[in-house]
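**Q** Spelled out from the first residue to the last, the chains are:
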Amino acid sequence: MLKKTSLHSRHQALGAKLVDFGGWEMPIHYGSQLEEHHAVRSGCGMFDVAHMSAVDLHGARTREFLRTLVANDVAKLKVPGKALYTCMLNSQGGVIDDLIIYFQREDWFRLVVNAGTTDKDLAWIRPAAAKYGVEVKHRTDLGIVAVQGPDVRAIVGQHIPVPIREQALALKAFQSVHGEPWFVATTGYTGEDGYEFMLPHADLGKLWDALAADGVRPCGLGARDTLRLEAGMNLYGQDMDDTVTPLECGLAWTVAFDPPDRPFTGRATLDATRAAPPRKQLGLVLDGRGVLRSHMKLRFANGATGETTSGSFAPSMKASVALARVQGHADGACEVEIRGQWLPCRVVQPPFVRNGKVLV
Amino acid sequence: MSKIPNELRYAKSHEWARKQPDGTVVIGITDHAQGALGDLVFVEVPKAGRKVTAGEACAVVESVKAASDVYAPISGEVIDSNPELANAPETLNQDPYGKGWMFKVKPANPAEMDKLLDAAGYQKVVADAG
Chain A
1 MLKKTSLHSR
11 HQALGAKLVD
21 FGGWEMPIHY
31 GSQLEEHHAV
41 RSGCGMFDVA
51 HMSAVDLHGA
61 RTREFLRTLV
71 ANDVAKLKVP
81 GKALYTCMLN
91 SQGGVIDDLI
101 IYFQREDWFR
111 LVVNAGTTDK
121 DLAWIRPAAA
131 KYGVEVKHRT
141 DLGIVAVQGP
151 DVRAIVGQHI
161 PVPIREQALA
171 LKAFQSVHGE
181 PWFVATTGYT
191 GEDGYEFMLP
201 HADLGKLWDA
211 LAADGVRPCG
221 LGARDTLRLE
231 AGMNLYGQDM
241 DDTVTPLECG
251 LAWTVAFDPP
261 DRPFTGRATL
271 DATRAAPPRK
281 QLGLVLDGRG
291 VLRSHMKLRF
301 ANGATGETTS
311 GSFAPSMKAS
321 VALARVQGHA
331 DGACEVEIRG
341 QWLPCRVVQP
351 PFVRNGKVLV
Chain B
361 MSKIPNELRY
371 AKSHEWARKQ
381 PDGTVVIGIT
391 DHAQGALGDL
401 VFVEVPKAGR
411 KVTAGEACAV
421 VESVKAASDV
431 YAPISGEVID
441 SNPELANAPE
451 TLNQDPYGKG
461 WMFKVKPANP
471 AEMDKLLDAA
481 GYQKVVADAG
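Chains as they are written, first to last, in this note's numbering: chain A, 1 to 360; chain B, 361 to 490.
None of these hints come from the bench; they were simulated from the model.
In silico lysine-lysine, DSS-like type, Cα no more than 27 Å apart, as pairs:
hint	chain 1	residue 1	chain 2	residue 2
1	A	Lys17	B	Lys425
2	A	Lys4	A	Lys17
3	B	Lys379	B	Lys475
4	B	Lys363	A	Lys17
5	A	Lys280	B	Lys425
6	A	Lys172	A	Lys357
7	A	Lys318	B	Lys425
Treat the numbers as computed from the prediction; the structure is a model and nothing was measured.
Make a model of the complete structure from these sequences and hints.
**A** Structure, rendered in structure tokens:
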């Protein structure tokens, strides 16, 4: 029996094509994945991401606890509302999950974790938190809607309650504001300006309806995937998992090595492989015809090999792109195997697209 | 509901075949198939001169998320293919039985057409697929 978000009946009413996504029945598209993608790049679209989980941590030692739990350093979070993207690692340095941490108060931090990993994450966090007297609350009473695209600020303002409206519209990227029951953050997974709203389910439904009436296009997980891939963002379970370190999936920038004495879980592996990780992530563009998919084989002029981890047609580029992982040092011309043929492709540094502009 | 024209013949693998007055057969994929695949972004059709056997994978359609083989519903020689699809694959979504045709075959054995499903038979295939 698949789980359903509180917005499920709305997706059905809109004629969405529903699929099983990590145990949740979610909309893949509402008619055209391509049109939904373009709506977010050129206007505004919204996504039901209520399958993701908000987890609140409470306790005087929460910051101290988080400095050991995750690879980025919450010491960077100095102003309430500020957000931080990070990986949570196992003792071998493998990624248990990637998450966003929102600093609320010294005794309250909010985490947002992936849907498919929620149970695993909670089982990992709870015993570790107990040692610091930190309480872990899975906020199943809250749902999340992401509203993304260059027009977002012109649209969402009138839907945000007056007491926090001005503050919400003034937020820069990766910040948030809270005014019960509203939690408004400038985070997202598309490479565009955007907001994520966390609300009790009844209020979330009302917001969805109001935004839809205001012309915001409902977008499914299909468009969410092509948007995040163009933005060079990893998908957990595909571009990284428990066997991959952040240094091997393009997330070295999220690892805070300083101060060197901060003892976060997984640190020993990262310190030991920092100079030369066994594997590396890179971006690929196929300029010829065809579509890159995950698990396609790669070979380089110097003999190095690799495999794509995510691949798709990139609607904003009218070309195909992929994230890939290579063993050791890859150099020279790169070829990808598509249905038995080796085709030349271009190695680039992701992101491929940001704020509506093609970068590669 | 997807369209299933009465005058066409169908393969279980979701191709349609239309017999022309000159005996050649035009082939494409059904409305149901294009709907299931979603927005198409890449179509590869067989070149004229290629001999195909019924059931052989001879073309590829790729949507944003998935690639799918297209099988020859009958045996014969490919004598033409749709040049529009390379630059405008969405034509296949918009008009699967018309402008979105894929290739044309000179049948090796015209009786093979009779082995294909009629509209009612294909309707049942689609209904069973849920």
